[in-house]
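*Asks:* One letter stands for each residue in the lines below.
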Amino acid sequence: MEKFIRKEGLVAPLDRANVDTDAIIPKQFLKSIQRTGFGPNLFDEWRYLDRGEPGKDDSKRPVNSDFVLNKKRFEGATVLLARENFGCGSSREHAPWALQQFGFQAVIAPSFADIFFNNSLKNGLLLIKFDAKIVDQLFREAEAREGYRLAVDLETQTVSTPGGDSFKFEIDPFRKHCIMNGLDDIGLTLAHADKIRAFEVKHKAAQPWLF
Amino acid sequence: MAKTLYDKLWDTHVVHVEKDGTALLYIDRHLVHEVTSPQAYEGLKLANRPQWRVDSVVATADHNTPTRNWDKGLAGIEDQVSRLQIETLDKNIKEFGAKVYFPFLDKRQGIVHVIGPENGATLPGMTVVCGDSHTSTHGAFGALAFGIGTSEVEHVLATQCMVMQKYKNMKIAVEGKLGVGVTAKDIALAVIGKIGTAGGTGHAIEFTGSAIRDLTMEGRMTLCNLAIEAGARTGMVACDQKTMDYVKGRMFSPTGAAWDKAVEYWRTMHSDDGAHFDTVVTMDAAEIQPQVTWGTNPQMVTTVGGKVPDPAQETDKVLREWMERALKYMNLKANTPITEISIDKVFIGACTNSRIEDIRAAAQVVKGKKVAGNVKLAMVVPGSGLVKAQAEEEGLDKILVEAGFEWREPGCSMCLGMNEDQLSPGERCASTSNRNFEGRQGPGGRTHLVSPAMAAAAAIAGHFVDVRTFK
Ligand code: SF4
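Top to bottom, those sequences are chains A and B. Position 63 of the first sequence, counted from 1, bears residue number 63 in the numbering used here, the numbering being contiguous throughout. Position 318 of the second sequence, counted from 1, bears residue number 318 in the numbering used here, the numbering being contiguous throughout.
In short, the hints are calculated from the structure, not lab data. It is possible that some hints are incorrect.
Pulled a few chain A residues facing chain B out of the computed Cβ check, cut under 8 angstroms [to be verified]:
1. R51
2. E84
3. S111
4. I115
Per the computed footprint, the stretches of chain A lying under chain B, defined by three or more beta-carbons under 8 angstroms from a beta-carbon of chain B, are [unchecked claim]:
5. 14 to 24
6. 31 to 45
7. 117 to 129
8. 151 to 157
For lysine-lysine, the following DSS-like pairs were computed, each having C-alpha atoms within a straight-line distance of at most 30 angstroms [as the list claims (entries may be wrong)]:
9. K204/A with K99/B
10. K370/B with K471/B
11. K166/B with K129/A
12. K317/B with K168/A
13. K7/A with K19/B
14. K317/B with K204/A
15. K166/B with K3/A
Beta carbons are placed, not taken as given, at the ideal position from N, Cα and C, and that holds for glycine.
Isolated chain B, as found in the complex:
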């Protein structure tokens, strides 16, 4: 029978199924970070349970780590609570072990969803979990990747399995060619705008179509990263030659005969012709424009040429009140053109958009220009130490700094503001992250989600502009 990619990944990892369909699913890779793991390790200790498979764990500290003053080491982390959490991870990894650990200050340290792929710790055909919802990112490799909660982290540490019911299959096909200046981020936001933040609930999404095949691996990661914002716990893209080319030669990628055998297997990591999808959504790539969110949920998005919508036009009462609340929080008036919204801060980073291509795209836009006077802070936070080193080798840091950007150390940073990088109340930010929820980037902060090129252009202009016509 013809199978979807999700069916294949599921079937090759099922250990046991109960009569009601509840399955034990085997997990190949477990990414661990400091925020969602302490209570899980604590649980293991209390129950006196060993870790099932130490070499499945790849760990790093990213959410709390500062993006400045690394020369001061741990002492540079002023917030004692943050520091304790990072030290607790050190202690737990020392006690329980891992395949590899990139601690704070390590040159390979970085956002957990950036370091997995870049070290070959994420491979096609795998199951990947992490105590972070954006684990869907790893699906870009033809892998099955889920964000999990802390009890599940503990469960996977202790048993190497997840207790799950199979999701439905959803296909999102994007066909045709993207316009110049339109990116994977814009596809993702356009998809969320179309199906809503709960549109993918209960589904595993596979992104297909010529526009997806044309994306680079980094673009596919951006896209899968945002699957969770469409309500789907997992998103994926079929494995193809680009996938193999990306994976080859990385730290934990197979080599020699194992590589050849792996590639042969990975070539089957796609949906078969005629495979059944429960839900199908199709989009025309040529119609997708640069996207900017206007509200407090990624679904509240429009095109850069659009306007802030008018709640009065909404007939559903719950939706209307939700929109009114969002506009009040965002301090925006209905019908304001997006390009008339001026900004206070710019954040280029987060696991959505902090890879080398994102930084290249930003540098290209700002080269030889200056950040606008009304922008208090424009910062670039690379996704990992390796991304940072690569960017510096290419001289991108200089271009950005000359334009007036701050060039920081890697980590999650202002994506969620657990460290000191935060918006102050009322500040408005053009951000390449993935969530514009109330208070996400700092209490009272106002977030507009955009692509790296759009964020860079907004930094220069001081307000949103269409990067396609920006000079």
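Here chain A stands alone, though its shape is the one from the complex:
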């Protein structure tokens, strides 16, 4: 996992509530056995006018020019602004993979669905929760001002706007530590291997039918 400390980037506003993971990456792309290659099919049904299929040359497909990510001014965006309950639905980790592989490094929304939240942080895609009021303000500014960029600082847990506002966000210290240092969860857990083994002995004595 890549380390994330401070990043600054162009903002794309996706003004829809309850964006589900089926929309983020449609099912036909879940047939892949790889971890990469999902970026071109992020929001596939919204970005293109035809039906996407694995193996199709996406560069030749007709695009929906009304969709926010297809607008010239949001090209190269690395911060996604979204509404309530972003990432609801299916547990597919292909959703954060697709967002990252498209180029997003952080998503800001008033709320996220639980599984998507975990999946994203495990991959170092930073999800930032702000009050709906703050998100509203960011939407207004991002839509009004071309080239609107935000600076995301994980160390100080702040997002700063070009206008000089700075908003603090919460993140649990363990996750913060992992993301800032690009740490692998499994390695960290295996450091407790003795504890897991000891637990198994006790657990097996209490509920032997589980083994």
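Using the hints, position chain B with the ligand against chain A.
*Replies:* The following block gives chain B with the ligand in isolation, referenced to the frame of chain A:
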């Protein structure tokens, strides 16, 4: 101190807790399927890590498998990408091992959330995970069950643990008697309609109350299946005599002295009197009516006697635009009575409603009748090979086929349309699945979620009807 069921399940599985409350939670059962596992096994191989506990894994192929042409075997899967994913699972299980694997074509193969319980691989008091959000289904047994992502699949394979923070406790109490023709699916949709698809976010839900106790185990599975659509990663129901009766005698259920010891323990798998819940929702079962979704999210639901709502009445701008978008996608006009919505396809299946009782309910409605002329396809996809065999033994397949339904091989099928079973753009479907998201059942497809009896009645009528008065 009085504990909730969730507290008990949590406390008996915590291996280690960090100062900030992040815990390592031990996982007893890991259900594996072909879609969310390949990258996880790949990760193990790359890091040269062994699997921690092989006999915790129960695997099957379900999402991509076809529901026809099984006589052709793997060669019957025309989509090469799908086939490769199924073959990759075969290869990974061969290499890493499992307690049991029900591959494509096996007579016990089926939807991962159907085969776990029916083989006794899901037991009360357990922690269960699977790389699929509807893993909440298994909570029906007084178990703690979570859907997980692929990194977590890899993490559990390698360490037998999940890294988690404890959720808050939420109680949803449904008291009283359900009306005739009203099912667990209707309770679940009514709950989602009331609290919203994010209503349970950050919570573990326990469903309680006399109406829940009255449900069969299959009904409880349907209910817990939909907990995730209410935003909760896990839903559960306390263990009672019905739970034991269901579990007894299944392939992996304990026997003899172990059974007696297990039952004694399982009798404690309920919330103590006076246990604290952070959030409590109560509902009156008698008021719940058959539900039909009208939009592109399970929260967009109303009763069969209701109408498509009017976005103009919604004062919140974000919500109003969301509703307008949904109506446009669904090609519905505000204020249309639900019973005037006609349908093109009917799908009875998915881990929500593909068990034997669901198929019985559908067969009962359609017996001696015919599918309406405007319905292009009505299909029943049993949840597993065992469900299929049972239904055939009872002659339910014949009743359904005579009425004009197609009787298919088990799998996820049109719940998400990863195989060839899909809606075409613009087609409208009465479906017993769990998600009505845009494109879920096929690009441009329009999904209305209902119970099996409601789907069956809609197939016969050609439009939605109230199953309680349907003749
Ligand atoms: S039936 Fe649908 S919801 Fe259930 S496991 Fe399969 S795809 Fe997921």
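*Asks:* Determine which of the earlier numbered hints do not hold for this structure and return their numbers in increasing order.
*Replies:* Of the numbered hints given earlier, those the structure breaks are 8 and 14, listed in rising order.
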